[in-house]
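Quick note, the sequences are listed as chains Y and D, same order. In terms of my numbering, the numbers along the first sequence are unbroken and rise by one, the last being 439. In terms of my numbering, the numbers along the second sequence are unbroken and rise by one, the last being 858.
No wet-lab data here; the hints were simulated from the structure. Among the hints, a few may not be true.
[Unchecked claim] Lysine to aspartate or glutamate pairs mimicking EDC-like chemistry, simulated, CA-CA at most 16 Å apart:
hint : chain 1 : residue 1 : chain 2 : residue 2
1    : D       : 42        : D       : 84
2    : D       : 433       : D       : 406
3    : Y       : 193       : D       : 340
4    : D       : 117       : Y       : 382
5    : Y       : 243       : Y       : 57
6    : D       : 210       : D       : 284
7    : Y       : 193       : D       : 699
8    : D       : 430       : D       : 481
9    : D       : 364       : D       : 340
10   : Y       : 40        : Y       : 166
11   : D       : 399       : D       : 389
12   : Y       : 378       : D       : 114
[To be verified] Footprint (simulated), chain Y over chain D, 3 or more residues, beta carbon under 8 Å:
hint : stretch
13   : 77-89
14   : 92-102
15   : 115-121
Small disclaimer: the values here were computed from a predicted structure and weren't measured. Heads up, the beta-carbon is just placed ideally off N, CA and C, and yes, glycines get one too.
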Amino acid sequence: MKLLASPKGVPQILTGRFGKYDADGALGDAEKAGAWSAWKTSATSMSPGAVIRTISEAGLRGRGGAGFPAAEKWRAAAAADADRRYVVANGFEADPGAMVDRTLMENDPHAIVEGVAFAAFATGASHAYIAVRANLATALRRLTAAVRLAEEAGYIGSDALGAGIDIHIEVVALQGGMVVGEETVLLHAIENKRAQPDQRPPYPSRRGLWDRPTVVNNVATLASVPWIMANGAEAFAAVGDPKYPGTTLVQFAGAVKGAGIVEVPLGMSVRKLLDIATPGTKLKAVLVGGPAGGFLPPAELDTLYTPEALVAKGAMCGSGTVLAVGAETCLVEMATTLERFLSDEACGKTIPCRIGLRRLYEIGARATTGLAAPDDAKNLVDLGNDVRASALCGLEYCAPNPFLTGMRFFADEFDQHFSHGTCPAGVCESVRVAQPVTA
Amino acid sequence: MTDTLPQPYTEAADAAVERLLETQSPQRRLSAPTFTVEVDGKQFTGREGQTILEICRDNGIDVPTLCYEPKLPGFGACRMCVVDVDGEENPPISCSRAAEPGMVVQTQTPRLREIRKTNLELIFSDHNAYCLPPCQNKCPSHIDIPGFLKANTEGNFAESARIFKRTIPFPSVLGRVCPAPCEEHCRRDEVEEAIAIRDSHRYAGDQVLKDQANGIKAPVPFEVQPKTGKRVAVIGSGPAGMSAAYYLLIAGHDVTVYERDPAPGGMLRYGIPQYRLPKVEILEAEYQSVTDLGGQMVVNSELGRDFTIDDLQNQGFDAVCVAIGCYETNKLGVPGEDADGVLDGLEYLRIATLGLPYPGHEGKRVVVIGGGFTSMDCTRTSVRQGAKEVTLVYRRDMKDMPAANEVHEALEEGARAIFQAAPTRVVADKNNKVTGVEFQRMAMGAPDASGRRRPEPVAGTEFIIDCDRVLLAIGQGPQLDWLSRGADGVTATKNRRLAADAVTFGTGRRGVFGTGDVRVGAATVVQATAEGRRSAYAIDAYLKGLDLDEIKTRQTLAEPQPEFLNIVPYTGELKEPRFRLKAMPAEVRNKSYIEYEIPYTQQEAMAESKRCLQCTCEAIGYCDLRRQGIEYGTTLKTLEPERTGFSFRSVNDNRFTGTNHDYIRDDSHAFILREPSRCIDCGRCANVCKEVVGAACYDFMRTGFDTLVTTPLDMSLNTTPCVSCGRCAETCPTGALMPKPRVLEKYEVDESRCILCGICVDACPYDALRCGPDFELSHENRADPQIDLLAISAMERDTEMTWIQHERDWASRAVSAGRQINPGRMLPMLPAGVSGNGKNGQSGNGHSGNGSHADHSH
């Protein structure tokens with residue numbers, strides 16, 4: 001996927017080494033590009049506590065969507081009383097079409113392996129896993145090679161760096177649906193158990209893999225760690241939003257001229273973000289955060305691209321995808337399609353997810369065929385909120401998003417479908433009257 | 001003596017052991033520190049590591065759950081056990097959330113109820129199953145039809161009659177006069193033809209009457225309660241009044257029945273002809289069961305003429321039940337109606353039903369107007385009384401007649417029928433004597449509220465039928481003139497019915513109840529008896545001093561609610577056509593008042609009953625889903641007034657109705673029956689089978705909406721590592737997994753090989769093995785089974801009364817725990833001593849055999 005130019009003055013924390021070394025090549029090339037230098041100096045000179053402090057000062061937060069402070073997780077895992085701890089890098093990237101993590105894993109595998117090593121060192125974990133979707137063959141190959149090369153060089157493994165550090169990293173290929181990207185499910189999958197979520201708390205940092213404290217971080221989070229260790233916490237904290245410092249990768253798709261991936265600081269407005277990709281003139285909405293993300297109307301584009309600000313608008317960072325929706329699209333139809341996808345991806349453990357999402361889809365499907373029942377609009381909202389209310393996992397919590405944000409920001413279009421049986425965009429063919437696109 | 005000394009105690013070693021215990025042993029340390037948690041405003045002590053649900057259960061707070069298995073850690077799939085915790089935005093799932101010191105928990109809030117209700121609605125929207133069989137469902141009195149048919153197949157006709165009498169006291173009478181709405185919905189119809197349900201209970205009832213003639217008393221459905229000393233006056237001895245009297249007598253009250261006519265029976269005696277219902281052999285014999293119970297009968301005593309409501313209450317009756325029926329024939333409302341020769345059909349029948357010739361009827365040309373049972377009786381009786389020409393005229397189509405199934409018999413006997421015609425005037429001569437009736441043809445318009453098409457007159461199609469007599473049978477209303485005399489507070493509705501509540505049967509006056517036709521208008525006998533029984537329960541509850549509003553909700557639940565759906569296609573059944581009752585030839589019977597249908601032989605009766613598919617849910621009474629559906633009001637939409645229709649209602653008809661799954665029943669395994677359509681994917685069987693039993697036969701298969709807990713590739717349990725322990729069936733909260741009959745008399749345990757692993761203790765679904773303080777000694781050869789496995793294996797169907805009993809036990813526990821089971825999902829005050837279906841106490845699907853079962857699955 002095409003890498004777009006970052007805004008001026010933004011340090012390339014994640015993409016800095018993209019293309020600077022052959023990811024299939026020798027360790028020497030990667031080291032020339034800067035890999036492992038931070039590890040070699042910090043791991044021998046700093047205590048685990050100092051590493052956590054540095055990350056804490058840098059303000060690094062999870063890039064997996066929720067934006068939880070990484071150092072907090074590490075600290076909790078390090079403090080928990082246990083005979084063993086684990087670190088898991090989540091590279092499952094389950095959203096359809098999302099290629100952010102994949103691009104990162106394929107272009108700079110060493111940054112991820114080095115970040116995992118730091119996390120393991122900081123939390124006192126001797127075992128770490130990098131979990132990758134089984135069909136990402138290139139990423140798997142390169143990560144496996146990076147782990148092997150680092151082990152051969154003595155950077156990780158038993159008695160790494162000659163400093164008595166034991167860190168064993170394993171790259172695991174996981175198969176399964178979208179829900180495997182959810183952290184408790186991911187852990188079950190690594191344990192070879194049924195891929196279904198558990199309630200949190202207890203969080204994995206207290207009870208994770210095989211009931212041991214486990215740090216689960218997104219690969220992008222971990223890939224930022226070596227940069228922080230090399231350039232200092234202040235440099236990182238100075239980038240982007242004060243509460244959510246650092247950069248993240250965003251992928252543009254849909255009605256934009258320049259689809260691709262870009263590294264941007266967190267805290268930009270969605271509008272500025274979108275300008276990088278040159279959106280089409282007839283922009284109707286922006287779907288932020290993948291299939292379970294939320295629709296933002298043009299009027300809400302000044303929302304900052306941070307987990308907090310987006311969640312307040314019913315969207316989320318999620319997989320880091322930003323999909324521009326053109327005026328020719330019917331949002332009810334699109335939300336229905338997304339809901340069907342999410343419903344089919346449900347693991348089937350809980351009732352609201354297994355049946356509820358399906359019913360949401362069915363309500364949407366009725367509306368797009370002009371057959372909405374009188375109570376359907378109300379039921380859609382009630383059911384959506386009830387599904388969220390006690391959601392077991394992130395997928396379930398976010399799954400009603402497309403409908404809920406759609407009804408929040410595009411009430412008129414939904415009303416046209418549910419109350420009048422018309423589709424303003426003229427997309428839903430079965431409805432009685434298709435009206436021309438206005439403006 | 002050994003030469004290794006014990007290691008000195010160190011704190012570190014102790015801590016290491018503790019940690020080992022914590023991380024490796026599923027058991028919780030008993031020494032875990034305790035703390036205080038507030039649940040629903042009460043303070044409770046919890047141990048570290050306990051979940052919120054465990055603390056609630058330890059302290060008797062019933063948090064609903066469908067997926068929680070006490071032997072395993074919380075699973076968190078069903079989302080029923082959500083609770084509110086102060087300071088948390090979204091309610092956590094209590095079965096898998098550890099309690100924390102100082103937590104403030106609410107288990108019943110409006111929001112939680114809303115979430116649980118939504119959740120249950122979602123489950124029901126994909127619950128492709130049924131609770132009751134359609135016949136029982138459609139019976140106005142909800143008789144346990146599969147139950148008495150099963151007793152019939154065993155030749156146990158007294159038991160069959162007893163099951164019948166639990167809901168209607170008169171199997172023989174109903175076996176003759178019931179229109180049998182049950183048969184219209186029988187699932188056997190899917191195979192070839194509906195079961196002859198009515199003829200089957202008629203046979204059973206007749207056997208009881210035969211025994212009665214030989215001095216063997218008729219069975220009483222429930223244990224007769226000790227005398228309460230309360231006195232009830234029942235006014236009217238028709239089906240409603242006598243049915244009410246019957247159940248009131250069983251409940252221990254003194255009952256006096258007042259009848260205005262010289263003999264009891266009401267419409268049964270004066271409205272239904274002898275040839276359909278022999279008065280002495282059947283009606284009086286069957287009514288004897290009421291007098292046998294101690295009922296007093298006062299005849300020739302009419303309400304409003306001989307006594308008033310005031311009089312009765314002044315005489316010290318604690319309750320008065322008005323069941324006087326409908327005796328005022330509606331007027332035609334056409335000119336000439338008062339002509340000489342226009343007769344009230346009921347007046348005619350009063351004399352004619354007894355076989356007495358009605359004056360001047362022989363040789364006359366008679367026109368009968370109407371399409372109900374009364375018109376049919378008038379027609380056929382007129383034929384028998386030698387009328388020259390009998391013409392039945394009905395304004396709708398034949399198939400819309402309430403008495404449609406009797407028409408062909410009338411035609412065979414020589415009557416003539418004209419449909420889609422309504423009278424416009426009665427033609428009379430100058431002496432005001434009838435010479436004919438002018439009719440107008442009707443066209444069938446749009447369907448009305450009853451689902452039948454509304455007849456609309458077609459202009460210019462008038463025709464006249466010449467006749468000498470006109471019998472009017474176009475419906476009846478109650479006589480309510482007594483309301484003005486000594487009945488203050490009792491009122492009529494604007495439809496000219498007695499105003500009484502549909503559930504409590506209370507009128508505007510305290511202690512006065514109204515039931516039967518007088519309340520609902522002329523209806524069928526079976527509806528009247530159902531009314532009578534329900535009113536008896538309401539009056540009983542009233543006499544026990546219960547709150548009427550409360551009775552209202554309890555009573556509603558006492559009735560099995562019509563909840564079922566999709567008919568399972570029965571394609572593999574052997575075709576066995578229905579045994580029809582033979583009738584006497586038409587030319588013989590049209591001159592005779594003898595009962596014209598020839599009853600079954602015993603072989604025929606048994607063979608006919610054997611055709612029943614017994615299509616009822618075996619888990620009824622044990623089903624947690626049903627129970628919670630009732631508590632949260634998700635299945636009982638039929639309770640709402642506007643929903644009380646006679647249409648099919650389904651389990652999965654609610655806000656979220658959509659596509660649902662229809663899985664194939666798997667009875668390939670010898671011991672365990674799988675009905676995946678009833679599965680709610682709680683995962684209990686999968687978890688228990690894997691974690692407790694160790695066989696791992698089941699798991700969640702497929703994803704998304706199509707997820708189902710089943711065997712790999714849906715294969716037969718025979719090809720899984722199933723050990724046939726039945727643990728899965730025991731834990732199943734619904735009827736998706738059920739034990740099949742199995743006979744076990746003795747297990748051999750080879751003690752020399754036992755490693756005391758305890759798995760048998762964990763896995764045994766019936767707690768036959770227990771872990772004692774010295775487990776080594778606590779298992780043994782069981783030459784004599786301690787529990788009646790045979791009885792469990794007999795797998796008696798649970799019956800209406802026993803499952804009401806189970807649900808009532810559950811409800812009373814919930815109430816004593818201070819839980820809110822409103823809106824009124826409580827249970828009826830039924831006569832105590834309900835003893836299952838009477839064979840033994842061990843009815844049910846084998847989930848467990850006695851009252852203590854209810855604790856197994858919360």
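Evaluated hints:
no.	hint	verdict
1	D/42 to D/84	holds (14 Å)
2	D/433 to D/406	violated (31 Å)
3	Y/193 to D/340	violated (90 Å)
4	D/117 to Y/382	holds (12 Å)
5	Y/243 to Y/57	holds (11 Å)
6	D/210 to D/284	holds (13 Å)
7	Y/193 to D/699	holds (11 Å)
8	D/430 to D/481	violated (34 Å)
9	D/364 to D/340	holds (14 Å)
10	Y/40 to Y/166	holds (14 Å)
11	D/399 to D/389	violated (23 Å)
12	Y/378 to D/114	holds (14 Å)
13	77-89	holds (count 4)
14	92-102	holds (count 5)
15	115-121	holds (count 3)
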